[in-house]
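> Chains as they are written, first to last, in my numbering: chain A, 1 to 315; chain B, 1 to 387.
Keep in mind the hints are simulated off the structure, nothing from the lab.
Don't be surprised by glycine CBs; every beta carbon is placed ideally from N, CA and C.
Keep in mind that a hint or two might mislead.
What the hints assert, rightly or not - Sample of chain B residues facing chain A (criterion: CB under 10 Å; computed from the structure):
#: 1; residue: V54
#: 2; residue: H60
#: 3; residue: A72
#: 4; residue: G73
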Amino acid sequence: MDKYLDRLGIYAARLVSQKEYFVPGHRACQGCAEALAVRLMSKASRTNTVIACATGCIEIFSSPFPLTSWMVPGIHVAFENTAAVASGIESGLKAIMRKGRIPLKKINVVGIAGDGGTSDIGLQALSGALERGHNMVYVCFDNEAYMNTGIQRSSSTPFGASTTTSPAGKVVPGQTTWKKNMPEIAAAHDIPYVATACPSYPFDLMEKVRKAAEIEGPAYIHILSVCPTGWRLPPELSIHAGRLAVETGVFPLYEVERGRYKLSIDLPELRPVQEYFRIQGRFRHLTEEMVNKIQRRVREEYEKLKKKVMMTREG
Amino acid sequence: MATRVGMEVSIAAAEAVKQANADVIAAYPITPQTHIVEHLSELVNNGELDAEFVPVESEHSAMSVCVGSSAAGARAFTCTSSQGLALMSEIVYAAASLRLPILMILANRSLNSPLSIWNDHSDVMSIRDCGWIQVFAENGQEVYDHVFIGFRVAEDRNVLNPFMINIDGFILTHVIEPVELLEQEVVDRYLPPYQPLYRLHPDSPVSIGCFGPPVLFTEAKKAQNEAFCKTMPYIIKAWQEFGDLTGRYYHPIETYRTEEAQTILITQGSLGETASIAIDMMREKGEPVGLVKIRLWRPFPFEEFRKAVRGAELVVVMDRAVSYGGPGGPLAGEIRSALYPQEDHPRVVNFIIGLGGRDVSPEDFVQMAQRAKATPGQWYEIYGVRE
Ligand SMILES: Cc1ncc(C[n+]2csc(CCOP(=O)(O)OP(=O)(O)O)c2C)c(N)n1
Ligand code: SF4
Ligand SMILES: [Mg+2]
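Same shape as in the complex, but just chain B (with noise of 0.2 Å):
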């Protein structure tokens, strides 16, 4: 039988590395991301993970023993935030190309100037385009249960792909909810152990990450893109084969009270959690608004996300990122290029949310879908700044 505790989400997090079996962990602090990497070295010190615990100098070098361990066949585990992602960059960028199955979870913060260790999601989007397969998760639940999601999807030989799982900073790692807790024997029955296709062993050389002559960039970057796309239906397929052993279905996008809805809000992590009180408070008024959560930010889930806002005459888009210069937040860019293509597409209103772990309450929710509401040729606007 599952078991049902409280339990902080880092913990929970870490537990689930465990029972996943992580072969190589590499480990640097930083807020809020540390109390995970704290856990697992608990953990393999008191030997109930048998892991290779590699405290590294630098996030820089804790994505490069991912690569390394990776590429040698281990199943390899790291985590950071803001700061640290902005360091390992180069590696989270090479790591995707070089398609290997490593897992990473990302405590979102904002990244500086000013230094803030609040939660944001200035980190996430400056990798945005890096070709990682990224979820963001709602509660500590969800975030316990991708660790398993995401070593599957990403070592599935259709795959092969780095996964990574935002999860929202002090809002979702420091809390502590309730979270059922997986038999090992249906974890080890969902996630066999890892069996890579290439590995570097002396037995089969291979000469991995050669250097790309022009004349075969463009058609390695063409191949990298059409194999991420194709990794979707294999991670619906996880998705599904997890909901059948657990009962917790997950889908690309999640719609709530979205059912005749003519105002749509998009969020996407912890505030989905919020803004569904919002939406009952609204709904209770007889309001017709719904909310669509963004749970599957890359690859983007085009058709699943047209489908759920089908009907709406305004969307509402609410990032915690600012794309300084451009349009509005990097959410609402994208949610903007998703529906041009239809020819009646809803108005798009963006409001900037939730900067270096300012709070969003549920009645922010109800006031920015009265101003979007109320204000026609609205583009976007940073929310809640105090004058």
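Pulled out of the complex, with its shape left as it was, chain A reads as follows (with noise of 0.2 Å):
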């Protein structure tokens, strides 16, 4: 793995820009990974960037009147909207530049939220929102619960996990259901982009949301984001949790472009998932049984990535 994030150092780190567009003083949790990757993705969308953002743990604990972390304009209205009122800016944009009443510019329109308000609640908006065909960015913040409200289960809480309506208990151990796939549903939309990222590897998500907003039309990424609260994980583990997630399978970094996929990582072994597993509270109930099926089904997930990459290769 280091050879890559070696590899990427070389370049990447010296062109990145010293300049911040989400700043220190925000209140999340420390070694909360959601707010580096709010970072990281500012980072590259830079100045010309508008954001709509969600309700969620982002706007609680970026702007709390009359504060605000944010050095670009931003928008936030409710839960589940966020994708229709980017859609509102980014029309309402594009009509009065055409009318002549603001000068022409490239603006990036981005929405955020997190997954709750993604692959639950906001997904009708986003779903619209894709299908409109609208020139914007969405990224979905995931780590996996709604943890603004108390950490409580979503459709993208992965199986088995403690949350606090699926508890670990005597008969039920945690989420019954397997994490519900966003970004292929959002893939489905027959979207020009959409992507994975996670900011343990930093180059990689600003490379992607720098492209998501230079690709007209609409794009979407889904960033796996530590929440060493809602996970039940020390701090100082998040950025390494991040890189077991991927390193084990369990979120494979990809591209789909254009309807090709590519993955942007190509892990020649997988390493077992209990390794992702054993640093986290919310898994520490999982037995044997439930560990074994977890890992097979990972595999399988994984293999059918593979399966697309190659079937959408190029030539």
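Using the supplied hints, reconstruct the complex from the two chains, each of which is provided in its own coordinate frame.
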């Protein structure tokens, strides 16, 4: 793994701007990888950006009136309508530029929401926005539960995870459903760009945001955002946990560009999922049988993904 | 010269949105507002209106698109009815608190259940306290005119507040009425392009819609209420200037034959035209009866209203919605609290009528006036129930 990161480090780190658009002073928990992901996303989308932000941890830790961590303009309206608000911003800017009321300028409209705000309550608005083809980027910060309201399960919570509404009980051992595959749902809209990312791979994440912003039409990025508070994990292990999610194949990094699948990191061998689970309290109760069941599924899913890569390869 | 044409009221409304040069239209179908957005899509697709027509996947998103585009500095329009309003209501409230000058036409229709596509006011009454300026139009001309007036008021720097035009579903939306269309040059003079105070643009970054901690929330709400109450003179000014340009003057409250009236009927929306026929019938028989029509519902014109009913002994309020287990209809509750501070206030009787498209005839108004007079102590009644 490290050899890939080293290679990226040679050129990528020097090209990254020193400028911050999401600045310190916000109230995220220690080790919050969602906050880091937002910062990296902002670095990549840069100054010509307008943000539409959903209710959730990000909104709450970044903008308690009269303070804000945002150096770029943004609006928060509600929980489930971010994609629609972003559609509105995009349409509004397009109309008034076309009608000559403000100068023509490339502005990135970026909608951001959590996994609950995306894969559950906001799915309809997102689907509508993607289908209508607005020129916008939508970023889902997936910490795999409703964290802002106190770690309740969402459709993005992985199988087996213990949350406050899928507790590891004596009879039911945590989440009983498999994680909803949001990037695939986005890709099914036949939009020009879909990608997964994780702030443990900062240059990859920024590169994908930059690409998404440049592409004409809707783009969707799904960012696994480790949440030490909700995952019951020491804050200093956030980055490590993100890497393990990728290296075990639990959360593969890939892109779907105009229908073509591409693995961002092609792992010759997956690490055992147990390495990822072991450091997180939310999986502490998993039996060997459950771990094996998950392991099988992760391998299957990874193979499926690789097949898609093969099938859509150019030439 | 202004031209007078016969036109379906929905089409007239859409034509006004075109003349107002709206930038973004968010559209979702629901009867009885659908003809408005259908016609707007035609105007856009035929190149007659340069706007982004956003065919959203729900009314919740319709209002969200309006919020986003208005915050970006665009002139935004949508319309809905009934279930659509109920679905979008979360964002209707947000739009007002964010002080965005969106214009919405609400083609009034009853709320489920049972399902009914026909007219009453249960939809608008469900969001009475949402912080939008709300007017009721009585006829097609008022609908057409208020598109310009609505944008003008909403975008006034002293106002900056969304504006809602209530029009009775079917009774107004689907009828052909004579409408005097304005010359574009008159519209342009009355309604300059929208110049937002703040806008979402990288050249001047702002964070809009931050969360309000308890130490500030009450203050924010007080400020909002104060700003909202202060919109009244600007609404009146916009009506006055519209009148000066077109000869059609509007007021928060309209009165009809209220001089020396001992009994006054109170209506909102299209009921006013039917009620005025009833007033003529009763006046002909020498009965001292008059009519007061509430055009401006929010902010409520307390002063004008009290003045309009001064001297009356009996006020008969017509509601088109029920406040279950409450004081009858929502309008009656409002009227009673408006009159209560007066030492010598008239008796208030409330009839709930015209629910879910039930017809109300001039004869019905005559009957209600008589029954109210004859039944001291009457509080409210759902009128015209088929036993
Ligand atoms: C319509 C509506 N329902 C519920 C809520 C309560 N709520 C606010 S934030 C939130 C959780 C957000 O979860 P997610 O989208 O995953 O973001 P996170 O906080 O985990 O980053 C919930 C349930 C709300 N604000 N609005
Ligand atoms: S609860 Fe999780 S996602 Fe929310 S601020 Fe804390 S660490 Fe970040
Ligand atoms: Mg979440």
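> Name the hints, by number, that the structure is in violation of.
none
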